[in-house]
Every structure is written in C-alpha cells, then in structure tokens.
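Listed here are the chains, written in short residue letters.
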Amino acid sequence: MATGIIKVAPPPEDKNLFQMAYGYASTIFAGMWKTGVIFFMQITGLEKTNTLEWPEQPATYSERFKGKHFLTRRDDGQVRCTACFLCATACPAECITIVAGQHPTNEIEKFPVRFEIDILRCVFCGFCEEACPVDAIRLGPEYAMAGAAGDKWVYTKDYLADRGQLHGGITSVKEENTKHFTTDHNPRGDDLIATDAPHMRHH
Amino acid sequence: MSEAKPKIILRTEGLPDQRSIKTYVDKAEGYTAVRKVLGGLSREQVIEEVKQSGLRGRGGAGFLTGLKWSFVPKDMPGPKYLICNNDESEPGTFKDRYICAVNPHQVIEGMIIAAYAIGANKGYIYTRWEFQEEIGYLETAIKEAYEAGFLGKNLLGSGFDFELDHYSGAGAYICGEETGLISSLEGKKGQPKVKPPFPAVSGYLGRPTIVNNTETLANVPWIINHGPKAFRQWGTEKSPGTKVFSISGALNKPGVYEVPLGYPFESLLNDEGGGMQAGRSLKALIPGGASAPVLTPTECEGLTMDYEAMAQRGTMLGSGAVIIIDDRQSIAELLKVTIDFFAHESCGQCTPCREGTGWLNNIMDGILDRSAKPDNIERLRTVSRNMGGKTICALSDACAMPVMAFVQKFSDELHAYLAAGSGSHRQ
Amino acid sequence: MSQESQVTQLPKETITFNLNDRDITVPKGTTVMEAAHRNDVYIPHFCWHPGLSIAGVCRFCLVKVDNRPKLEIACNLQATPGMKVSTLLPEVKEAHKWALEFHLVNHPLDCPICDQAGECKLQDFYMEVGKYKSEMDRPKVLKPKALNVGSELVLDTERCILCDRCVRFEQEVTKTGALGIFNRGDRAIVGTYPDKKIEHNYQDNLVDICPVGAFTSRDFRFKQRVWFLKDKPAVCPGCSTGCHVNVYAKPEVRTYFRVKPRESAVNSHWMCDTGRKTYKHLNQDQRLRFPVATDTTGKRKRVSTAEAVASLVAQLRSVAVQDVALLVSPQYTCEEYAAFFDFFVKKLGVTKVFQWREPTEKLEEFDGLLYRGDHNPNTFGLSEALAKVGLPKDVKNGFDDLARSGAKLVVALAPEIGFQFPSLESQFQRLSELPFVSVWTTSAAAYNVQAFKHLLPLKGFAEKRGSFLNYQGKVGELAHPFPAAVDDAHDVVEVVTAVADVWAHAL
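Residue numbers (the working numbering), protein chains in the order written: chain A, 1 to 203; chain B, 1001 to 1427; chain C, 2001 to 2507.
There could be a bad hint or two in this list.
[As the list claims (entries may be wrong)] The calculated lysine-lysine pairs, modelled on DSSO-like cross-linking and capped at a C-alpha distance of 27 Å, are:
#1 B:Lys1195 to C:Lys2028
#2 C:Lys2097 to B:Lys1373
#3 A:Lys110 to C:Lys2230
#4 B:Lys1022 to B:Lys1188
#5 A:Lys110 to C:Lys2175
#6 A:Lys110 to C:Lys2474
#7 C:Lys2012 to B:Lys1195
#8 C:Lys2196 to B:Lys1188
#9 B:Lys1373 to C:Lys2133
#10 B:Lys1238 to C:Lys2070
#11 C:Lys2084 to B:Lys1195
#12 B:Lys1195 to C:Lys2064
#13 B:Lys1195 to C:Lys2197
#14 C:Lys2223 to A:Lys110
#15 C:Lys2260 to B:Lys1195
#16 A:Lys157 to C:Lys2131
#17 B:Lys1022 to B:Lys1189
#18 C:Lys2175 to B:Lys1189
#19 C:Lys2197 to B:Lys1189
#20 B:Lys1189 to C:Lys2196
#21 C:Lys2131 to B:Lys1373
#22 B:Lys1188 to C:Lys2197
#23 C:Lys2250 to A:Lys110
#24 B:Lys1074 to C:Lys2393
#25 B:Lys1195 to C:Lys2121
#26 A:Lys110 to C:Lys2280
#27 A:Lys110 to C:Lys2070
Hints were generated in silico from the structure; no laboratory data involved.
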C-alpha cells in the first residue's frame, strides 16, 4: 500500500554508561576474536590465504585480459598493421598516433611508418583490438607498466611489435588479402601499358 | 514420308552452280521482285505487304519486320542505312552461312527491296570474320549484282540508288546485337549502345538505320512476288512462312533444313534429321540456340516449331538452332560450355552482365572441379534471376535464362555431379 | 566552363512530372537523373556525372516508372509530362541490393589500405542499401594494382568498377583520350593506350570523379584518413580564373591536406592540378611563424605583434611621406586592399604604389580550360582598389619603378603563393637593397633573406574572410576561414587596423 510513509526502526533509546561500554567492548572483542581465529588458521597453514605474493608468484589472468598492447606480425616477420587508422578512430581516448607510408613492395602497399600509443591516455577498453580488420593489434597479458616520471610513456612501433617472447607468439591469424600480382610495379616505377596486363583467372 | 517442302529461301539448293546470278535468275525468279518494286510500288506499299505477311525477324528476337521498318521516320532528310546482320554467332546456329553458301543473291535482292522501303541508299552486309568462305561468296555475289545493274546508281532506270558493301567483324558475339553491330561498323569497340535512341531513329552515324537478319531479308523477294496470302499458307497465324533450321547433335542427318513454321519437332528430328543415332536417346532439346531455355523430352511431346508453342513452354524459337542433347552428355559440362561462352563474349560494359556472367562461370568452374559448395548450384539461379532485365542489351538475359532452366530441370544431375568425387568425364 | 552569356535565353518549353510524390517542373528534354539532381532528390548512381555525357553502364540508378514492368535507369530516361517516378518503392530497393552485389563481387577487400575509404561510393551504398551478407564465395578476379599512369595519379585496376567516367573525362573535357577500357567481360580493365600517357594539368579531376579508389592522388597518398578532415569552401588563389574550391584540413593539428573543386558557374566541376598545390604553403613548415624586428643593435629577433607594429610606426614617423612606397601583390582580397590603401594612401598620403608581379608572366596565356597566365587571384580587385584611391591602375610589375623612385621605406605585401614565381628569389634580393622594407607575408621564404629587418606573418587565403575578383570581375568569396595555422598570423585588415591605431595614438 503506498501511503508514502516508510517504517523504520526507532532509534535506540539512550543507554546508560554501562550499556555503552558493554556495546563497545563486545563488538571489539568479537572482531578481534574473528581476526585472531583467521590469523591463527592461516599462519599455521590450516587455511589458505588469498594473498598472492607478487612478484615472486606471478599473477595469471584470463585470456581475455586487456593489458599492454602489441602489434602482430606476418609470416615473413613484417608488421601486420596496414595503417588503416580504424584503431585510431575507434579509440575513445585518442591515444593512437599513426603515420602511414608506402611500402617498398607493392603486395603490402601500405604500412605504418610510425605507430605510437600514449599509454598514459589509454583506458584499455580494447576498442582498437575490436576495430582492427586484420588482427594487427592485440591487448596482451602484460600488466606491469609502472615506471618513473621521466620514462617513455609513448610506446613506439618497434617496442609494440617486438614482443615475440609472448606465449603463443604474435603471428597474426588473419589471412593476407590475396594479391596475385607481382611486386614489380611500384608507383614510383614503371608506367602502365594496358595491353601488357597479366593474364588473369584462366578462361 | 513428308510431302514436298516449300522452298522460299533455299530455292537454288542443290542446283549446279547454285550461287551464281545466272542460276538465281533462271531458276529462282531472280530479281523479279526488284523489278516489280522499282517498277511502280511505293515505299508504303512495300512496307504494307511485308506487314501483312506477318514476317518475323529470323535472327532470334522474332520482331515483326514490317513494323520495324515502319519505325523509320519517313520525312527525315539525309542518309539512311540498311544493314544485313550476318554475324551469326548464336551457338548451334549455322543457317545464315548456309544461305550465303547456297543462295546469296536472294539476300541481296531482299536488301534492295528493304532499302527501298525505308528510303536507304546505302547498305552493308556485316558478316562475322570467321565465315571466310561465306564472305567470299557474298563478295562475289555483290560483284555479280553490280555487273548486272542490280546495285549502284539508278537501278533499272527507277532513279533509286543503292550501294552495297560488305564489312566483316572481328570475332565477337556481341556484334550480333544490332547496336553492337552498329558500333563496330562505326569503327568503335563493338559495344551496344544505350537505348533510347533506337537505331530506327538514330543508328549508324546517328542516322536512321534498320538492321535485319540475313534470313529475314531473304524472305522479302518471295513475299513481294507471291503476296502475303501465299506466304501465310504455311506456318501458323502468328508465325507464318518457313524457317531455315540448323539441327545438330547425335542424329543421323544433322544439317540445315527449310521447313514451314509450325512443323512438328518429331518430324524434324526423325524425317529431316534421320532420327537419333543408334543407341542414343534424347536427353534434352535446346530449340533456339544456346540462349534458349532447355526442354526435357517430356516437354518435347507434341512440340511444334513455331514462336508461340515455344513461348508457351517457357523457351524460345530463337535463331532456329536446334541442338539435340543425347544421353551421353553430362549436363554439368554442357552448362559450363554455355556459361563460358557468354562470359567470354560479354562486352563488359554493364555491371550485372559483366560480373554476373563471370560469377556464373566461376561457380561452374567450382562445380567442375568440385571445389564449390552445394548451395552454389541454387546460387546459379539466384544470380541469373537478378542478372536479367536490367542491362543495356539482352546478353545478360541470354545467359541467365538457359542457366535457370538447366538448374531447374536438371538439378538432381548437377548435385550428383558435384557430389561425385572423381568426376564422371565425357567418354 | 561557361563564358558569360549575356544573351537572354528564350524561355524553354517545360514539362511537369511526378518524382516521389512531388511535382517537378523542368525544361523539356531533361532526364530524370538531372531533374532529381537539381531538386535535391538523390538517386544512387556511379557512372553518371553532371559534367560528362551519359553512359548508362552501371545500371544502378534504377527507378520505377508508371506501371512499366521493368525498372528503368534514370540517367537516360527523359522526363515526359505526367510521368510518375519512384525511387523509394521496395522493388527499387531490392534491385539496388543486387546491383551493389554485382559491383562488389570482384572488388578487392582493400578498404584498410585504400585512400578512398570514407568517401567511397561503394562503402556509402553498402551502408545504405545493404545485402550485407555477400553470396560470393569463389576466388575473385585479380588485376594489376598500384600503377603509375600520370605524375599525379596511382591507378588500381582491381578496384575499378568500370564506370567509364575517366574515359569520358579524357575524351570530353581534356580531349586527350589517353584512357580506355581493354578486354571483355570481367577481364575488362581500365588503362592508358599503349602510346599515350596522362600528361595534362587536370589529372586530379580523375581522382575526384572516380567513385572508388581506382584513381588515387599521389600527392595525398596515405597522408590522412578523410574522416578526420574538415572542409571549407574557398576560392583558389592560383590564377585569375578563381575556381571555387573546398580546402581540406585537420584543424586539431593545424595541417592542410588538399584542395578539391566545388561546382560553380566559373569552373563547372573541375580545377587544374596547379591550383591543387595551393594548400602546401599554408602548412607550418612553410610559414613565417612570428613577427620579426630588429633590436637596438640591429640584429633580427622575434617580437610580438604589438612590438612589430610599434616598430613599423616608429619607422614611418621617421621618414617623409614621399619617401614611403607600397609594393602590393595582387594576391590579397579586396577588403585588404581597401583597408591598406585607406590608411597608407588616403590617410598618410603615400603616392608611390607599385605592383609586385612576376616579370616573366604572360597574361594572355590560357590553356583552353581553366588555367590562365595571370597567376594571381585578384589582379582585377587590385586595379579597382587603386582606381578608387586615384592611383594608376595599369597592370605592370613595379620593381623597376620602385628602384627608380628613391623610396627609403617600403611596406610590401608579398605574394602568398610563391611556387609560380620563378623570379621571386631575385625580387627578394632587389628588395633587400632598399634601406628599410617591412615585408608582410605568409611564407618563411622571406625570413630566409637576412637583409629583411621587419617581417609580419599573415594569414593564408583559407584562413581569412574576404573576396577576390576574377578575370571577369566576378566575385569569389572567402567566407569560411579555418583558424590560422600559425598563432601570430593576422590578415592585412587586422594589421592595418593595429598600425592605424598606434599611429593615431602616437600623434
């Protein structure tokens, strides 16, 4: 029944000094007893503690943990990233800076000349990993990123890509967009003669 | 045994020196229709005669010829053109080349009359390049006609000029499409033009142009000489006259035969064609060239060779290329050949045809090497259904319709083919 | 490129037809596509372009007309009285789905590396029209990629959807006919004829008209993703034609990336490649960043605008008015000239005014399309401004006259666009021989001339408000400025106001 009145317990009546003292003492005792029991149990090893003695004991997280970023590589060792800017666009913190460039081989065509993440701005949301169409960037398991004030807080491409020691390696799982055509044609190179077009799918 | 067949087109067939103008004049009423027309018929009268006869285009579309001629604006000054479409490229069709080899003069005479009817003073015969012998025959015939005074200036003293040239193509099916042919004749890439404007109003070099099939034009002299009623004694109400059929496949007498429209298919197969070869049975019939949807043997029961009967069964009479498919033939391989042809010949201008034919071909390759998934067979139909009706010319439909028919009627065989790991190859 | 047609047009016969439940009246002979384009109804299309002939090859602009069973293409359909056209019926939308599917069947998955992403018609229609699940699961047709076909272009034939726009452009607009489509069917590719190259000054228009990333600009290649760019309308300052353009920049990093044409009566849909370079001088690496004046020892140092203005006023006061000369480049706006002459000529009484022009210029030169020999956007405006204050307005380079005039103090408005001025270096040299020159400029090139002791940084054409008068006297508005790429930059009006202010107070 909505009457607009909520019933609450009446405030306790004023206690006399003895009652107050009893109240304090009993709660303190109860608390200390609890603490003491657990202390005893854990120190004798009867009960396991939940404390992890890091860094001697490493902390393990699930596979979905979003830690330090890394750039994956192709089979031939080059960075998988094609500098499409989707991660930079998706990033809510606007912490990714990319400068794209023409790759010397035409099969790859576009690659990041610079790829930097300002890790202090990053909120580890994982949008960049989701946005990437070619599985070029992942957030990995590394969580230890503390450092001193003067340290480098902008991770560059070399650092991001140079993490082969991660468990499972860092080869990208997405296939290369098949480009049959040879690498001879570089935009700075030969001219196109249309009738020279290489023969496509057989007819 | 069949009664004597009418011969409107192949009148000089089998006669000694059948192609010469002398044979044509002596034995086949040669150039008498021209005399009659130039002797006193008006343009409108000629068009009316052809309209009354109900003659339909014999190249594949079956459009009423007289009606087509009447689309040319009568009072427009300036040159007009008449073009004979001898670019016979529909797979299975070889009747126009036969006409050129047997009776080329009738084609020329038909052209003169047609040109007179539409007011054209210049004509071209456009023959596909591969018909080297036939090109020779035509050029000889044209020379003979010029020498006899049936081509050139002031024909038979009537004041009507008609110059006729031969022009050969360079190996493209799409140049059989009338605007593709016109583009090729203009020296451009043989790509069809967007319509409107229609060739009758703006065609070759922007002038009114009529493009007619060889066989259609070859009918005209006879109609003028004997009249529409006589023409209509053969054939049906909507498909009068005769048709030259080229019949091929595993039968005893494949070849070119002229029979009246409405002729029973069974008779064509067993009488003219001599019946199936020993030990072979009819598996399917393609009645009008590769672009005509296939018919199963059941559907062939009671089939007559005319436009309406074909349309009723969901196919078309087309160019009259009758292809007999026997039981040895794998439908999958036949379908591949058909699709490959259209994919190879698509001019590439408009997207649905270019990509559609290519996609169908891609799927067929996948079916042949068994790399395609089973749902691709139904996909042949989906793609075909969406290819048609939206393109500049009808090549897209010409590819789509037979594919849909094959998949619909022989779906089981295609699925079985795909499922069989190590292929059932042709013997 | 319409020349002025002062001839009054005879009223054209008009017809009315119904488009999407709206009655539209258009001149007889207009196609449905044109009618829609002029009336803000968008019919999706690829191969149609208002500046080119009709091709009708993409088969995408399908519309439903009356009760005709087949859909028709709008670009080749002449509107007839009473015709009822619909672009919104479900039948039309279904047709679009497969029309797009066919375009995408062999299209490579290049979006990550393709510059057209963000302004690509295939992407736009994909989002709009759908059929999101493609049914194509076979290997695609492969074609040559990333090819060199012109100094400004990169051609990727695999991305090409064979809309034929580039071929028509080459035939109809530049009349060079270097491009064609070769092979048949799905092997068709676009390319140059064997003996031809694309060598004209209008190559980047091919990039504009290409609806996909087949033709991309080599200058812009990989520099930036277009969704980060903002564009504002302006007028090209490259020559006296004054093509209407859009300037693209990323204001957050104060960088300009490209210039594209904007449709107008002056330039139709095109602009020349020379004009496209007029964003480069706006970027910070080429800008004068701060005012420069000399300290008491005569050494150059960076100063604030107020200090620079004060220093100029002091110099002005120290000479007689007949020793003051003005050297004015015809690249500034009419408003700037008005303010400049108001103060220096009308108020101060300076009579020695000279024009800063390129001595080797050929004013009558014209390439037949857009680019003119007068490489200044506002010669007309300058002449008018001079005439207004009673000074001679003939168009000639004033360097010789300046040298003869014996001026001791020169206030110079330097040309903003330097790359079309081969004599600029030598002109700087000549100028630096005069006793005191105050150079107002956008460009760092002036800074490199050590003899210039007084420099004021200016805003570029895309950063200020104003107007140019083109060779016909038509107004081109600069009405949407970007914030200046350099903090201390001002336009001439602002500087003159400051100078006038200090001058007035110093009296």
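Evaluated hints:
1. B:Lys1195 to C:Lys2028: 19 Å, holds
2. C:Lys2097 to B:Lys1373: 23 Å, holds
3. A:Lys110 to C:Lys2230: Holds: Lys110 (chain A) and Lys2230 (chain C) sit about 24 Å apart, inside 27 Å.
4. B:Lys1022 to B:Lys1188: Given pair Lys1022 (chain B), Lys1188 (chain B) is violated - Cα atoms ~38 Å apart, limit 27 Å.
5. A:Lys110 to C:Lys2175: Since the Cα atoms of Lys110 (chain A) and Lys2175 (chain C) sit roughly 34 Å apart, the hinted pair is violated (cutoff 27 Å).
6. A:Lys110 to C:Lys2474: Violated: Lys110 (chain A) and Lys2474 (chain C) sit about 44 Å apart, past 27 Å.
7. C:Lys2012 to B:Lys1195: Distance of about 25 Å is within 27 Å: holds.
8. C:Lys2196 to B:Lys1188: Between Lys2196 (chain C) and Lys1188 (chain B) the Cα gap is close to 18 Å, so the pair holds against 27 Å.
9. B:Lys1373 to C:Lys2133: Holds, because 16 Å separates the two Cα atoms, which is no more than 27 Å.
10. B:Lys1238 to C:Lys2070: 25 Å, holds
11. C:Lys2084 to B:Lys1195: Given pair Lys2084 (chain C), Lys1195 (chain B) holds - Cα atoms ~20 Å apart, limit 27 Å.
12. B:Lys1195 to C:Lys2064: Within the cut-off at roughly 17 Å; holds.
13. B:Lys1195 to C:Lys2197: Not satisfied, since the Cα-Cα distance of roughly 33 Å exceeds 27 Å.
14. C:Lys2223 to A:Lys110: At roughly 11 Å apart (the allowed maximum being 27 Å), Lys110 (chain A) and Lys2223 (chain C) satisfy the hint.
15. C:Lys2260 to B:Lys1195: 35 Å, violated
16. A:Lys157 to C:Lys2131: Status violated; Cα separation ~38 Å.
17. B:Lys1022 to B:Lys1189: It is violated: about 39 Å lies between the C-alpha atoms, which goes past 27 Å.
18. C:Lys2175 to B:Lys1189: The hint holds at about 19 Å.
19. C:Lys2197 to B:Lys1189: Distance ~21 Å between Lys2197 (chain C) and Lys1189 (chain B) Cα, so the pair holds.
20. B:Lys1189 to C:Lys2196: Roughly 18 Å between the alpha carbons, so the hint for Lys1189 (chain B) and Lys2196 (chain C) holds.
21. C:Lys2131 to B:Lys1373: It holds: about 20 Å lies between the C-alpha atoms, which stays within 27 Å.
22. B:Lys1188 to C:Lys2197: 21 Å, holds
23. C:Lys2250 to A:Lys110: Between Lys2250 (chain C) and Lys110 (chain A) the Cα gap is close to 21 Å, so the pair holds against 27 Å.
24. B:Lys1074 to C:Lys2393: 64 Å, violated
25. B:Lys1195 to C:Lys2121: Distance of about 26 Å is within 27 Å: holds.
26. A:Lys110 to C:Lys2280: Given that 27 Å is the threshold and the Cα spacing comes to 23 Å, the pair holds.
27. A:Lys110 to C:Lys2070: 44 Å, violated
Going through the hint list in order, the structure does not satisfy hints 4, 5, 6, 13, 15, 16, 17, 24, 27.
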